[in-house]
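Given chain A, work out where chain B should sit, using these hints.
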Amino acid sequence: MAEPLSGWDAYHDGMRCGWDFRFSSENMHTFEQLSGDHNPIHTDPVFARTKGFDAPLIYGLLLASQLSRLIGQELPDNHAILTGITMDFINPAFADENLRFDAELVTKSDAAHALGFKCRITRAGKTLCRGTADAVWRA
Amino acid sequence: MLKQDQNSSEIIERLTPIFRDVLDDDDLVITPATKADDVDGWDSLAHIHLVVSIEKAFKMRFTAEEVSSLENVGDLVTLIIKKTD
Chain A
6 MAEPLSGWDA
16 YHDGMRCGWD
26 FRFSSENMHT
36 FEQLSGDHNP
46 IHTDPVFART
56 KGFDAPLIYG
66 LLLASQLSRL
76 IGQELPDNHA
86 ILTGITMDFI
96 NPAFADENLR
106 FDAELVTKSD
116 AAHALGFKCR
126 ITRAGKTLCR
136 GTADAVWRA
Chain B
51 MLKQDQNSSE
61 IIERLTPIFR
71 DVLDDDDLVI
81 TPATKADDVD
91 GWDSLAHIHL
101 VVSIEKAFKM
111 RFTAEEVSSL
121 ENVGDLVTLI
131 IKKTD
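Heads up: the sequence lines are chains A and B, in that order. Just so we're aligned, residue 6 is where the first sequence starts under the working numbering, counting upward by one. Just so we're aligned, residue 51 is where the second sequence starts under the working numbering, counting upward by one.
Okay, chain A solo, but in the shape it has when bound:
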């Protein structure tokens, strides 16, 4: 039987990973304290309704934290270092919803030992966010 690939060879174009996650109101409050973003769109249900939303919006950068998990936690090893992210917030996300994060490796540069991922956050199949995560691999 062939040995499983390891090190840089463990990464290949098209490799995918994903997981389910959710953020609670308590998580939102923690992020509010850490970030210093007290905008009521994220904290006040009445204010959120005046803006046409059913509930306070999850902080976009709290959603983007899943990119950190991808690079820091979900890859074949712990040698990748996040070097850049982009994220478009297409539809709102709310606390206590079941969300899903999926990522695909779309760029692997052997020359630079760099990785580029396309990512998506969905709720019941509907895209809420699209983004990218770039990392450099330093063993």
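Source of the hints: derived by calculation from the structure; they are not laboratory data. Ideal placement from N, C-alpha and C gives every residue a C-beta, glycine not left out. It is possible that some hints are incorrect.
No farther apart than 20 Å at their CA atoms in a straight line, the calculated lysine to aspartate or glutamate pairs in the EDC-like style are these [claimed, not checked]: (1) B/Lys109 - A/Asp115; (2) B/Lys85 - B/Asp71; (3) A/Lys113 - B/Asp90.
Ranges between beta-carbon positions, derived for each pair [what the hints assert, rightly or not]: (4) B/Lys132 - A/His43: 50 to 58 Å; (5) B/Glu121 - A/Arg21: 34 to 42 Å; (6) A/Asp49 - B/Ala83: 57 to 65 Å; (7) B/Ala114 - A/Pro9: 21 to 29 Å; (8) B/Glu121 - A/Phe26: 32 to 40 Å; (9) B/Ala83 - A/Pro9: 40 to 48 Å; (10) B/Ala86 - A/Lys56: 45 to 53 Å; (11) B/Asn57 - A/Arg27: 51 to 59 Å; (12) B/Glu121 - A/Glu109: 30 to 38 Å; (13) B/Glu121 - A/Lys56: 53 to 61 Å.
Some chain B residues judged to face chain A by a derived CB distance under 8 Å, without partners named [claimed, not checked]: (14) Leu95; (15) Ile98; (16) Arg111.
Quick look at chain B alone, frame taken from chain A:
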């Protein structure tokens, strides 16, 4: 030789916006003699972004050996021409 020079200037023309974007300098001018030491912000991380951006723009892949042997933009242009032919 004329064709080679023409290719070189065309490639530098295509490389310039990539370098300007990655190095965040709208006025950056690169020539075949330009080296990393000559340009503010061209550090190891910027170098990685440059390589990946150039690979995407020119739809080609470099090896680590090819990239580590580059001494200036002219070497990069020569490498691109070689891989295009």
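Original post:
Regarding B/Glu121 and A/Lys56, is the given constraint of 53 to 61 Å on their beta-carbon distance met?
Top reply: holds, 56 Å
**OP:** Under 8 Å, Cβ to Cβ, is where B/Leu95 needs to be relative to chain A, so tell me if that hint holds or is violated.
**Re:** holds, 6 Å
Subject >> B/Asn57 paired with A/Arg27, Cβ distance criterion 51 to 59 Å >> reply: holds, 54 Å
**OP:** For the pair we were handed, B/Lys109 and A/Asp115, check the Cα-Cα distance against 20 Å.
**Re:** holds, 14 Å
Original post:
When you check the alpha-carbon spacing of B/Lys85 and B/Asp71, does it fall within 20 Å?
Top reply: holds, 17 Å
Original post:
Close enough to count: is the Cβ of B/Arg111 nearer than 8 Å to one in chain A?
Top reply: holds, 7 Å
Original post:
Between B/Ala86 and A/Lys56, does the beta-carbon spacing fit 45 to 53 Å?
Top reply: Once the Cβ atoms are compared, 48 Å apart, the range 45 to 53 Å for A/Lys56 and B/Ala86 holds.
Original post:
So the hint says 40 to 48 Å: do the beta-carbon atoms of B/Ala83 and A/Pro9 match that?
Top reply: holds, 46 Å
Subject >> Hint consistency between A/Lys113 and B/Asp90 [alpha-carbon to alpha-carbon, up to 20 Å] >> reply: violated, 27 Å
Original post:
Is the hinted range of 30 to 38 Å satisfied by the C-beta distance from B/Glu121 to A/Glu109?
Top reply: Because 36 Å falls inside the window, the suggested range holds.
Original post:
Has the hinted range 57 to 65 Å been met by the Cβ atoms of A/Asp49 and B/Ala83?
Top reply: holds, 59 Å
**OP:** Take a look at whether the Cβ-Cβ distance between B/Lys132 and A/His43 falls inside 50 to 58 Å.
**Re:** holds, 57 Å
Going down the numbered hints, you'll see the structure goes against 3, 8, while the others check out.
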